[in-house]
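*Asks:* Below are the chains, spelled out letter by letter.
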Amino acid sequence: MHILIYGIINSFALALMAIGFTLVYGISRLPNFAHGALYVVTGFLVWSFLHLLKVHYILAILLSLVIMAMVGAMIYRFILIRVRGMATSEIIASYALGLAILEALRWGGFKGMTYTLPVFIEGSINISGIPVDLQRIIVIGIGIIVVTFMWLFTHYNKIGLALRGMAQDEHAAIMLGIDSDWMAVIAMSLGSILAGLSSIVLLPLGNIVVEAGYNVLILSIAVCIVGGLGSWVGAVLAAFMIGFVQIITVAYIQSHFHMVVALLAIIITLIVKPSGLFGKQKELEERV
Amino acid sequence: MNRKHLWKWACVLFLLIGLMSIPFLGLDVAEAQKPIVLGAPLSTAFLYGWDSERAIKLAVEEINAKGGVTVGKEKRPFKVEVMDTRDLEPGVPVSDALLVVEKLILEKEADFIVGGPVRSEAALAAMDLLSKYKKVSILSTGVLTPLYHKRVGDEYEKFKYCFRITGEVVWMVTGEFIPCLMDIKAKYGLNKLFIMVQDVAHARAGGDIVEKMAKERGWEVLGKEVYPTGTTDYSVGLIKAKKDNAQVILIWMDMPETSILLKQWYDMKVPALPFGTIISAAEQPGFWKATEGKGEYCLASVVNAGNAPSKATPWTMRFVEAYQKRWGLEPEGYGTSTSYMTPYVLKDAIERAGSLKSDDVVTALEKTDMMGVYGRIKFNPKNHQIIPSIDPNEGAVGTIFQWQAGKRITVFPPKIAMGEIKLPPWMKK
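Just so you know, the protein sequences line up as chains A and B, in that order. Going by the working numbering, the residue at position 59 of the first sequence is 59; the numbering climbs one at a time, nothing skipped. So the working numbering is basically just the index in the second sequence, starting at one, shifted up by 1000.
Mixed in with the good hints there might be a few duds.
In silico lysine to any residue, SDA-like type, Cα no more than 20 angstroms apart, as pairs [as the list claims (entries may be wrong)]: (1) B:Lys1057 to A:Gly109; (2) B:Lys1269 to A:Ile127; (3) B:Lys1212 to B:Pro1146; (4) B:Lys1103 to B:Lys1134; (5) B:Lys1240 to A:Asn126; (6) A:Lys111 to B:Glu1089; (7) B:Lys1240 to A:Met1; (8) B:Lys1289 to A:His51; (9) B:Lys1311 to B:Gly1395; (10) B:Lys1240 to A:Tyr252; (11) B:Lys1057 to B:Glu1109; (12) B:Lys1269 to A:Val119; (13) B:Lys1289 to A:Ser48; (14) B:Lys1240 to A:Ser128; (15) B:Lys1243 to A:Gln254; (16) B:Lys1269 to A:Ser124; (17) B:Lys1240 to A:Ile248.
Pulled a few chain B residues facing chain A out of the computed Cβ check, cut under 10 angstroms [what the hints assert, rightly or not]: (18) Thr1044; (19) Met1196; (20) Leu1261; (21) Thr1291.
No lab work stands behind these hints, which were simulated from the structure alone. Heads up, the beta-carbon is just placed ideally off N, CA and C, and yes, glycines get one too.
The following block holds chain A by itself, in its conformation from the complex:
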């Protein structure tokens, strides 16, 4: 039973971390390697609003998400737009930006283990005799809300449909009057909000440390590669696969191999099915 419960929690945590990354790539074909840095920045932003400016927790969260949306848009308008279409340069530029952000945080004094965010609701419950704290239940709840929202947004909203159009065929979408750069700005903003949201939900479980940025990036890349780069449905499924395998590994093999699972998943996917589970566009390219 504990494998089922904590497997679901772990899977939603992974899905939350990765969905922003895959959204940006799926729509603008931009691999946003600053994703982990944005995750950490949001944590420190909320912390600063809470402890330095003494803002209410909910307001601190909302303000941080608004700032993250603006940061995402600016990253595209001022940096990534200049290297758009040059895959290697996109990776280098976004990764360098992520590194710069993380190092700047450290330089700015955000180091140590005492930066934390309060949990949304204190306490724990027992599910079939397995104790689970309420913050982890909230992770599941917000995970479901985000996945549902993403589905509704990309199926019933004009902007969402335009984003899907961009993801399917950029040239065709441009011919139909969709502004490619504007969509990329929206995608980057939305991706940054999702990175921030995952940070706000997950960081109360532990503490805010700069190093978390690298781990989040690695896990997001693993989920996206297994799910198929650019497919958010694939990302959710991959998050469940990796999430459950991680928990089963800890329960029946050794906790030692916990992180290996994600990295092994990348290698196996790249060997067996490079396009990932749902990377249909890439699959077609591979066939051609």
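With chain A fixed as given, assemble chain B onto it according to the hints.
*Replies:* For chain B alone, kept in the frame of chain A given last:
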């Protein structure tokens, strides 16, 4: 030449001699004021780096305020040059730390190396560099490996410039952790142990030694989990510990995510006492606030006394208060009190040696015998490791404290204990 001319020439000559001696006088003045440079290679973004930096600076400020160090007949101040080695950061090669040590020696003209490097691999590699430049080094933070003083013992002539003023892992396990576990066993009748360690060399080795020794002393070891660095979920391991009726969870981890482990332990109400042998997250005074009190009852070792309040020696609380006044919080991690003592020990050795020459200072350091913040400070003259003890009058004492009602209460060794180990309410039947 008449007498008038003679006087004139004599005055000119005196004037010239006077003028020519001014630069030399100036040099003499400058020489008297020339500071003794302490080069500190530290991983400043991490607890074991910045606590050391703060402690060294505090000691140097105190020493300089009292007139500095007497070298022969002159008084000279200390000057600290700190450089970031980044050696505690994942992926940073050892060679980077070595470059920093070399830079401190060549560019900053450090007379002595103090503090780090912090990670064992970097410190071991730096030994050859210190030997090459004949620079006396006193290691005061990080580096728990017994290999460090073993190398000094094995190749004394080569590595005689290397001293370590902080604890090492063999003593910590045999002299502190196991006796503390035995105290818990005797007092509360607990004998079921579950081990959780981080997947790094020192933690794996430490976990193995504790497992072996605990078994030999009547503890039942129910399991051992090894977690990769950065693990953010410990639920499965904690459920295993709970299911197997573990009574003590021994933790050996230096990653920040250990606070997640303790939060989960609290939320799941696991009926086992968390014993952090190395648990960096719980060492810091800010831990209570960071975990909103969920880390209560956690035991943590801070390696040396003085890193948490205690009355090990008359100097201990003076240091705790001075640190608090200077930096706004209590001493933070396990390299704090040792790093604070380093400039004092050097001052004592330099003054006895009457010179800054490395060989003279080495000889003087080998004869060091002073009461410090964490007990009597003496180096083993054969391997330059500080001599440990559980009695502050005999040697350097360690500290194991427990978080109780928001405070770090020293509970081991008994001679310096400020309170007793308590069990969480959900462990009491």
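*Asks:* Now tell me, hint by hint, if it's right for this structure.
*Replies:* Evaluation of the provided hints:
no.	hint	verdict
1	B:Lys1057 to A:Gly109	holds, 18 angstroms
2	B:Lys1269 to A:Ile127	holds, 14 angstroms
3	B:Lys1212 to B:Pro1146	holds, 18 angstroms
4	B:Lys1103 to B:Lys1134	holds, 15 angstroms
5	B:Lys1240 to A:Asn126	holds, 16 angstroms
6	A:Lys111 to B:Glu1089	holds, 12 angstroms
7	B:Lys1240 to A:Met1	holds, 13 angstroms
8	B:Lys1289 to A:His51	holds, 12 angstroms
9	B:Lys1311 to B:Gly1395	holds, 15 angstroms
10	B:Lys1240 to A:Tyr252	holds, 11 angstroms
11	B:Lys1057 to B:Glu1109	holds, 18 angstroms
12	B:Lys1269 to A:Val119	holds, 17 angstroms
13	B:Lys1289 to A:Ser48	holds, 15 angstroms
14	B:Lys1240 to A:Ser128	holds, 16 angstroms
15	B:Lys1243 to A:Gln254	holds, 17 angstroms
16	B:Lys1269 to A:Ser124	holds, 9 angstroms
17	B:Lys1240 to A:Ile248	holds, 13 angstroms
18	Thr1044	holds, 8 angstroms
19	Met1196	holds, 8 angstroms
20	Leu1261	holds, 9 angstroms
21	Thr1291	holds, 7 angstroms
Of the numbered hints listed earlier, not one is contradicted by the structure.
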